[in-house]
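Residues per chain are reported as follows:
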Amino acid sequence: MAESNLAFLNRLEGDSRKQQQAFIQNIASRLGRLNEGGIPEHPLKGAPDFWTSYELDYEERILRFMDNWRAAGGFTERLATYDELPVVIARTLRELGAQSLIRQNQPELAQLEFERILPELQHTVWSADKPQQALVAASQADAGIAIADYAVAYTGSVVMTSSKDKGRSVTLLPNIFIAIVPAERLKTR
Amino acid sequence: MKVSLFITCISDALFPPIGEAMTRLLARYGVKLHFPEVQTCCGQPAFNSGYWDEARASAKTILEAFEDSDFVIAPSGSCTGMIHHYYPKLFENDPILLEKSLQLQEKIFEFSQFLVQVLGVTDVGAVFPHKVTYHPSCHGTRLLGIKEEPMLLMSHVKGMELVPLPYAEDCCGFGGTFAIKMSNISGAMVEEKSQHVLETEAEVLVGLDMGCLLNIGGNLKFQGKPVRVMHLAELLYEGVKLK
Amino acid sequence: MSKPQGSSVKQRSETALKDEFLIDAVKFTTEKLKNGKLAATAEHGNWEEWRERGKLIRAHTIAHLDFYLNQFIENARAQGVHVHFAPEAKDAARIAVEIAKHHQAKSVVKSKSMVSEEVHINEAFEELGIESVESDLGEYIIQLANEPPSHIIIPAIHKNRYQIAELLSKEAGQTLPPETKVLAGFARQKLRDKFLEADIGLTGCNFGIAESGSVVIFENEGNARMVSTVPKTQITLMGMERLIPTWDDLEVMATLLPRSATGQKLTVYMSGITGPRRQSDGDGPEEMHIIIVDNGRSLQLGDPDFQELLNCIRCGACLNACPVYRHIGGHSYPGTYSGPIGAVLTPALNKNSGEWEDVANASSLCGACYEACPVKIPLHDMLVYLRNRKVEDGHTATGEKMAMKGFKVLMSSYKLYSKAVKMGQVGQKLLVRNGVIKSQLGPLKGWTAYRHIPALPTRSFREQWKALSTEVEASMPSMSSETKTRLEQMVLNRKKGGHE
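Chains G, E and U, in that order, give the protein sequences. Here the UniProt record's numbering is used: the first residue of the first sequence is 1, the next is one more, and so on. Here the UniProt record's numbering is used: the first residue of the second sequence is 1, the next is one more, and so on. Here the UniProt record's numbering is used: the first residue of the third sequence is 1, the next is one more, and so on.
Hints are not guaranteed to be accurate.
What follows is a list of derived Cβ distance ranges for each label pair [what the hints assert, rightly or not]:
#1 Asp24/U <-> Ala72/G: 20 to 30 Å
#2 Ala172/U <-> Leu96/G: 21 to 31 Å
#3 Gly185/U <-> Ala71/G: 18 to 28 Å
#4 Gly32/G <-> Glu203/E: 57 to 67 Å
#5 Ala172/U <-> Lys225/E: 47 to 57 Å
#6 Glu131/U <-> Pro43/G: 45 to 55 Å
#7 Gly73/G <-> Arg161/U: 11 to 21 Å
#8 Gly424/U <-> Lys241/E: 28 to 38 Å
Mimicking DSS-like on lysine-lysine, the simulated pairs with C-alpha atoms at most 30 Å apart in a straight line are [what the hints assert, rightly or not]:
#9 Lys405/U <-> Lys2/E
#10 Lys181/E <-> Lys158/E
#11 Lys89/E <-> Lys376/U
#12 Lys89/E <-> Lys405/U
If the Cβ cut is set under 10 Å, some of the chain E residues that face chain U in the computed set are [claimed, not checked]:
#13 Ala27
#14 Lys32
#15 Phe35
#16 Pro129
#17 His130
#18 Ser186
#19 Gln195
#20 Leu198
#21 Glu201
#22 Ile216
The hints are simulated quantities; they were obtained by calculation from the structure and are not laboratory data. Positions of the beta carbon are idealized from the N, C-alpha and C atoms, including for glycine.
Looking at chain G on its own, in the form it has when it is part of the complex (with noise of 0.2 Å):
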């Protein structure tokens, strides 16, 4: 009869944990220590001084960010106030053709009202209690929309993470992304 997945798992954490001595002890015998030795020290964590120091202002980010973008091939719009976004996203959706999207179950994304403003449109907010239909409905969305929880200038990204309330596919699997970025969320690296 074939194993249960927990006891396969298990299985294999025992003879991981067996090997985990051996393995680690290979490393510290080769680099002539007798153990494992305390905590080292990493001075030189992470990027130049010169580096950490390098800001741009609020203005700067902005442009920095929209030129990086739009030379790796995305397209970006800046808004002066929120109240703007729901007419672009509109039109933007219109000429792209979109027949269905997919939103982040974000607060502020469902004030943004899209079921209204493009009533032509599927509409689907991610649901982590229906996981399966969730990635259906990601899959087949012509685009999907969330609010970037960071965006940083110097390279022209956008960060997301993905929790209960925001999907992975959300921003993965359409079509069409679009991230609305909170200008103070934009960094300069």
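Could you slot chains E and U onto chain G? The hints should help.
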């Protein structure tokens, strides 16, 4: 003040005019060159092929030859680089010879380095009305960091048109025994280098290393191309004689 | 999957050198990548400082690999990751297959991983009838061609778009034009289904972050995200040395790697994965495994000549800088890895130098690889050390050993050396015509097939020295006092321990 010449095996056997050019050129600055005759070869051919015992036998003659010199000058970035970069490794298990290697490291200079860094000379007063292109040898540039010195010296040569060599930093394919062992690959590399030289339409190809110049020059001759191949010392000396 | 015929680099390169398509394709792309790197690093500035920092961080990590690997493993386990150990390549394949079998997997979709190539994972899956599909476009193309990758970053570098169009057309069952957009579009559509249906997602790992047990993946296509998001089970293969201590250190790697590999400021995606999906998450794999691979890496630890080899961040910059690689392409090299890093790594991972082939000889030691390396690995030195190992182990040709013994005898004594030169001056008369030697006999052949050798002058420099120095001494000016002072000062600085 003992300034000695490390002629290198290639220049000794194949290109005596280079040694002569160096001797006469440096004499103009009051530098009397010594030639300790026990020197044979820096040992690089054996060292690079992995034969370190054999390399040591040769390298010992170099350590002995220049033991009491204050400065040593070599017409080769490759041989000079061998001493700077690898002698300490070669002799790491011999405290006495290791010490000699470290001392030699401090006193040995490639030719253009000596002129510029030691003598402080950038204009030898040469006149050389020809179209010239320069090949920067790999060991000289990458191991010894020789980039400015030859350019400074050449920039002051009157009448000379220095044309940049396309893809100059690409290796010419010599690599010592590599040229024999992997002759097909080396051949492809030198053909490419010759191609770039010919693109410049230069009359003269100048460099700091006879290994490279023997390689590129040999291929150009093989192709029947009349490009003249010179070591920088030869070019500068001829330029000074012309005046 | 096999490499072209020929049991040595020399033989395989013979084939490559005659393949114009190959040479053109490789030249074109390596030059583009090399120039991209130069432009990106110049724009960013302070590149030497970044390289030094990168080197120090990686060297520190390797010097304390026992601590950091252990920290990584414990943190990963704490996040629910199942960690496994593969002392050898076959162990990695065995464990991955066991996981697949247990889950009754029918298909695996994988993102780019050189370690997966090293352990021949696709063959292992295929032996059991499990489909394993490459999702990186370059890897997908060569999988269709049944070839191994020929470059660490651009696996299909040796193919031009006409060849690619041909391969994809066969797969599509219709003729596709050799246009990038169309070809990529076809692959994208084909792979989409694979992502959504695969039972297992297999990824590599650019960096493991010890402080959190996270796996960081750099990619441009989004396929690694797909592979690590959709399938229920994820297996990540990680070389045991691919670690950095902290997220702060990742900033340095993220600065060095993309610029060195392709000239980008950052890859399109950089993913940080810390464990499988959490209880409350709606997606991500339910089960995540990391297989840590040794396969000869630990042999480098404690070896002062080769420990730095483990600093490598697999950026491929050395391949793009190497004139030899550019001429012979990746398939001329034995083993999984090509270019300068491959020329050192493939032998170094195998402690039996008798099996090393001649790959360490396929280098002119120009040092371009060292210059290009973002973490300053002295690959050009390591190639010489490998050659030395082979000699010390007695695995070189007798003819060569004899020649070197001859070299030793001649060069130990200037008298013998001078005699030899004299003999050459006399003996060459048989071969010299019009001042050059063209003969392609015997040992000369490799040289004279491409070059003429100048005749040895009748008198060597040292034979001329006495007359020359006497003449020069008689007429030379004396050294100016400024020059004298200058030289004396230099010598003085030296004796105090100063360096020029």
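Comparing the hints with the structure gives:
1. Asp24/U <-> Ala72/G: 20 to 30 Å: holds, 28 Å
2. Ala172/U <-> Leu96/G: 21 to 31 Å: This hint holds: roughly 26 Å between Cβ atoms.
3. Gly185/U <-> Ala71/G: 18 to 28 Å: holds, 22 Å
4. Gly32/G <-> Glu203/E: 57 to 67 Å: Once the Cβ atoms are compared, 59 Å apart, the range 57 to 67 Å for Glu203/E and Gly32/G holds.
5. Ala172/U <-> Lys225/E: 47 to 57 Å: holds, 50 Å
6. Glu131/U <-> Pro43/G: 45 to 55 Å: Holds, since Glu131/U and Pro43/G (Cβ atoms, about 49 Å apart) stay within the stated range.
7. Gly73/G <-> Arg161/U: 11 to 21 Å: For Gly73/G and Arg161/U the Cβ distance comes to about 19 Å; the hint holds.
8. Gly424/U <-> Lys241/E: 28 to 38 Å: holds, 30 Å
9. Lys405/U <-> Lys2/E: violated, 34 Å
10. Lys181/E <-> Lys158/E: Since the Cα atoms of Lys181/E and Lys158/E sit roughly 42 Å apart, the hinted pair is violated (cutoff 30 Å).
11. Lys89/E <-> Lys376/U: holds, 19 Å
12. Lys89/E <-> Lys405/U: holds, 21 Å
13. Ala27: holds, 4 Å
14. Lys32: holds, 6 Å
15. Phe35: This hint holds: Phe35/E lies near chain U, its Cβ roughly 5 Å from the closest one there, short of 10 Å.
16. Pro129: violated, 26 Å
17. His130: Where the cut-off is 10 Å and the nearest Cβ of chain U is about 21 Å from His130/E, the hint is violated.
18. Ser186: holds, 7 Å
19. Gln195: violated, 13 Å
20. Leu198: Cβ of Leu198/E sits 15 Å from chain U, so the hint is violated.
21. Glu201: At about 21 Å, which exceeds the 10 Å cut-off, the nearest Cβ of chain U leaves the hint on Glu201/E violated.
22. Ile216: holds, 9 Å
Hint violations for this structure: numbers 9, 10, 16, 17, 19, 20 and 21, all remaining hints satisfied.
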